[in-house]
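*Asks:* Single-letter residue listing:
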Amino acid sequence: MQISLTQADLISIFPDAKVEGQSDRTATGIASLREAQAGDLTFLGNMKYRGEVEQTKATYVLLPPDYEGAPSAGQVYLRVERPSLALSLLCRRIEAMLWPKLPAGVHDTAVIDAGADVSPEAYVGPFCVVQKGAVLSAGCVLHGQNFIGRDVKLGQDCLLMPGAKIMDFCELGNRVRLHSGVVVGSEGFGYETNAGVHEPVPQIGNVVIEDDVDVGTNTTIDRARFNQTRVGRGTKIDNLVQVGHNVTVGRGCLLCAQVGVSGSAVIEDYAVLGGQVGIVGHLRIGKGAQIGAQSGVNHSLPAGQVVRGTPARAYMLEQRLEVLKSRLPELFKRVGSLEETIKRLSGEIEK
Amino acid sequence: MQISLTQADLISIFPDAKVEGQSDRTATGIASLREAQAGDLTFLGNMKYRGEVEQTKATYVLLPPDYEGAPSAGQVYLRVERPSLALSLLCRRIEAMLWPKLPAGVHDTAVIDAGADVSPEAYVGPFCVVQKGAVLSAGCVLHGQNFIGRDVKLGQDCLLMPGAKIMDFCELGNRVRLHSGVVVGSEGFGYETNAGVHEPVPQIGNVVIEDDVDVGTNTTIDRARFNQTRVGRGTKIDNLVQVGHNVTVGRGCLLCAQVGVSGSAVIEDYAVLGGQVGIVGHLRIGKGAQIGAQSGVNHSLPAGQVVRGTPARAYMLEQRLEVLKSRLPELFKRVGSLEETIKRLSGEIEK
Amino acid sequence: MQISLTQADLISIFPDAKVEGQSDRTATGIASLREAQAGDLTFLGNMKYRGEVEQTKATYVLLPPDYEGAPSAGQVYLRVERPSLALSLLCRRIEAMLWPKLPAGVHDTAVIDAGADVSPEAYVGPFCVVQKGAVLSAGCVLHGQNFIGRDVKLGQDCLLMPGAKIMDFCELGNRVRLHSGVVVGSEGFGYETNAGVHEPVPQIGNVVIEDDVDVGTNTTIDRARFNQTRVGRGTKIDNLVQVGHNVTVGRGCLLCAQVGVSGSAVIEDYAVLGGQVGIVGHLRIGKGAQIGAQSGVNHSLPAGQVVRGTPARAYMLEQRLEVLKSRLPELFKRVGSLEETIKRLSGEIEK
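Residue numbers (our numbering), protein chains in the order written: chain W, 1 to 351; chain P, 1 to 351; chain F, 1 to 351.
Derived from the structure by calculation, the hints contain no laboratory data.
Don't take each hint at face value.
One copy or any two copies: either way a pair holds, since identical chains are not told apart in the list.
[To be verified] Each computed DSS-like pair below joins lysine-lysine, with the alpha-carbon atoms no more than 25 Å apart:
#  : residue 1 : residue 2
1  : LYS333    : LYS343
2  : LYS351    : LYS57
3  : LYS101    : LYS48
4  : LYS351    : LYS287
5  : LYS343    : LYS48
6  : LYS325    : LYS48
7  : LYS101    : LYS153
8  : LYS132    : LYS153
9  : LYS132    : LYS351
10 : LYS351    : LYS18
11 : LYS333    : LYS132
12 : LYS48     : LYS18
13 : LYS48     : LYS351
14 : LYS18     : LYS57
15 : LYS101    : LYS18
16 : LYS287    : LYS153
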């Protein structure tokens with residue numbers, strides 16, 4: 001983070017802030033109240049941390065109007081209605097400063113097929129390959145070392161980080177972001193086995209990614225056997241995720257890191273899959289279902305269900321079962337003790 | 001999928017088909033009976049779905065000779081002996097049309113060391129690097145942005161998708177396919193720890209991949225400490241798999257996505273590892289063993305064993321244990337109730 | 001492994017060895033006593049394998065001085081104080097021969113921004129991109145196809161294998177090694193959801209990697225929301241690992257393949273995470289904690305704790321619980337039998 005904001009800069013960003021104190025230091029970092037050092041900006045986002053404000057070493061502190069206290073020497077209080085929102089606004093400003101949109105144009109070293117259609121408003125970085133029939137719409141940015149296969153279509157304002165790749169015939173909507181090392185449209189894993197030989201089943205479909213999808217670093221999305229593997233609008237996928245062939249992911253889903261979704265599964269809208277979750281092929285995960293990290297889901301889930309565990313069970317049930325599992329040593333003892341008592345009682349009765 | 005097949009094209013592909021009906025539409029997609037739209041081709045592969053044929057919106061329908069029914073207006077029935085086989089044949093045709101073999105030659109931008117031996121019948125795409133002593137045999141295709149280290153040997157007709165990489169001294173047989181982002185021959189993870197310092201143990205072996213192996217996107221196969229990490233003939237590896245140093249994978253194995261095989265493990269021929277399976281180092285997984293998804297295998301398995309769970313147990317046992325785990329609440333209640341009864345009985349006996 | 005060492009070479013490497021026997025063969029491989037073939041060098045590292053020495057087919061055998069026996073015809077015994085150490089020394093020699101340090105210089109095809117600072121003692125390979133403000137210190141080696149973003153700082157003697165990438169503003173210490181496909185500084189996975197729309201939370205921090213860290217193939221390390229994601233000195237990370245935003249990994253840790261560490265977790269010094277382990281966000285894993293493969297850790301761990309399982313429990317407890325889980329069928333039977341006995345006893349008492 002290479003930020004450098006003077007008190008005047010901060011005042012111009014927060015024109016409505018009530019300012020107390022004065023500093024000549026530039027803010028060069030952002031940190032929590034507790035971790036901030038001199039030169040940092042911090043914020044009181046939740047009143048339960050108000051006790052930490054007095055101790056903070058931060059130079060600049062975003063505070064709500066009703067916080068009681070005063071800055072120490074060389075410290076500046078900026079009182080704003082909603083400090084968290086103000087911080088968020090500030091971060092967006094900083095983000096825009098740190099990563100200004102790249103200007104349109106094609107780097108000298110890029111290899112663009114004559115039959116590709118690259119918008120004059122797109123940026124194509126060094127060592128990119130854009131093949132025949134590919135379409136890059138206005139505002140697309142290919143950072144470098146990207147591979148765009150034949151007849152691939154990119155909507156407006158797509159962003160490909162270095163080394164992201166899209167195989168032939170795949171389609172991206174608008175504002176899709178592929179992080180580094182992502183591969184969209186790799187061959188699905190399908191074989192027919194005859195006499196011990198695994199023959200690849202042709203995978204002649206493609207991948208369609210709708211608007212506003214983010215795909216995390218080194219994630220792989222395989223193309224369909226027929227038709228489409230599809231990722232719905234606004235879905236966000238983390239790093240190192242595997243999306244198998246013919247999978248349909250709905251809108252607004254969240255797939256955390258290292259999730260694996262097997263072929264032909266359907267993930268309905270707004271489902272949330274925790275890290276390292278595995279979904280068996282051909283299942284249907286209902287709308288808004290929530291799946292705890294590392295769960296292994298081997299049956300379809302109705303809408304809204306919350307599960308965890310391998311095999312995945314209803315969240316509260318699995319919690320309870322794990323507690324009972326912890327009590328197995330006790331249970332074995334109790335049963336042993338019952339057996340002894342019964343033996344004794346039987347003896348007494350027989351007498 | 002960018003297919004376009006007229007009725008005449010289909011008839012030429014299926015010369016033995018009995019044709020009923022007529023359409024001027026070109027088939028532009030393939031879909032299941034239920035999902036097909038006008039313009040699609042579909043098929044009845046299993047008679048249990050015969051009820052769906054009448055409802056399908058597909059324009060072209062592959063059907064067995066004995067299906068009773070007639071096409072609707074503008075629909076075409078193509079009766080063939082085995083619709084599934086016919087479909088498979090069609091898909092192979094389409095695949096060959098969509099991905100024609102690239103012509104031999106070296107792209108202007110590729111960097112080929114003078115000491116490399118590239119067959120005039122190989123294709124080397126843009127931004128490839130081929131280092132000294134590397135051998136690319138006839139029919140090899142490097143799609144682009146590939147890295148071929150020193151003294152790497154590729155047999156005939158190997159296919160490297162964009163960005164696949166092979167490190168120094170590794171060897172591929174014939175018809176090996178590496179998907180995008182694959183890294184073969186990365187350094188094995190081995191350290192000797194002295195006084196808290198982890199010193200890398202030299203990893204001076206290589207990786208040998210036999211004929212007809214497929215390696216999925218972003219999968220990593222580490223080179224051996226000594227000798228070889230080896231993947232046997234006809235084995236198919238899915239995406240994001242980790243194969244550790246000195247591992248031996250036999251012939252005809254299937255490793256599904258996100259599997260991790262730790263160092264020096266031996267996976268014998270025809271073993272099947274489900275998605276996200278983990279294998280502890282130095283184990284031996286017997287021939288034809290089948291390991292359920294997400295299992296964690298911490299002991300060697302005899303040939304043919306079917307296991308699941310973490311720790312992995314025999315499949316039927318683990319199923320049963322999971323059912324019993326689900327019944328723990330009931331068991332705790334039963335034991336509690338027994339304890340009360342016993343207490344009461346003891347009281348009565350003492351009276 | 002392309003080694004070729006004559007008996008004379010070996011004697012020059014081990015000048016203190018006592019040599020018995022003679023061979024004209026060059027040693028072309030290294031293997032265990034049992035696996036070695038003619039032409040291989042082997043070693044007796046542990047006296048419990050002494051029985052295998054007589055059977056070994058190796059041409060050269062490293063042995064301790066007190067081993068009793070004599071070489072067969074054409075075989076050479078090299079007696080040294082500590083055969084394992086001698087082997088290790090030999091491997092380092094071979095490693096240095098196989099991978100000589102690349103000479104300094106910038107490949108013609110590399111794209112270096114005029115505002116980057118590349119040491120004349122660094123090597124920058126083909127198709128690398130080095131952006132404005134980046135600093136490559138003396139001894140750095142970029143093997144090829146690497147991407148170095150703006151203002152990235154690399155200390156001395158860093159090694160980037162082909163295709164490793166570092167995003168803007170990240171910093172590496174000295175002797176950091178990034179294997180192929182590694183991405184350092186990708187965007188953290190953070191969203192704020194408003195009315196079903198996931199808005200990316202700006203991730204304006206960076207990644208800092210300290211001295212002597214190794215990062216395995218295709219591993220991803222996300223940049224922080226604010227401040228830094230940090231990997232401490234001497235930590236070694238295996239392949240396909242995910243390190244989330246704002247994570248702090250201490251010094252000397254080992255993260256095995258396919259581990260996932262969620263955002264803001266803290267892994268203290270010398271912790272060891274087995275393969276496929278998952279760590280929930282915001283946890284603290286104490287110094288020297290050891291986490292068994294595939295464990296799912298959902299609570300912070302004190303220093304030195306050894307755990308396994310999902311959810312992770314103390315190692316011995318989890319072992320015991322798994323044994324008891326295996327005995328559930330027996331327990332259910334015992335409880336059923338108790339119930340019958342009680343029923344019978346109750347009947348007798350009532351009589």
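*Asks:* Checking each numbered hint in turn, tell me which of them this model violates, lowest number first.
*Replies:* 2, 3, 4, 5, 6, 9, 10, 11, 13, 15, 16
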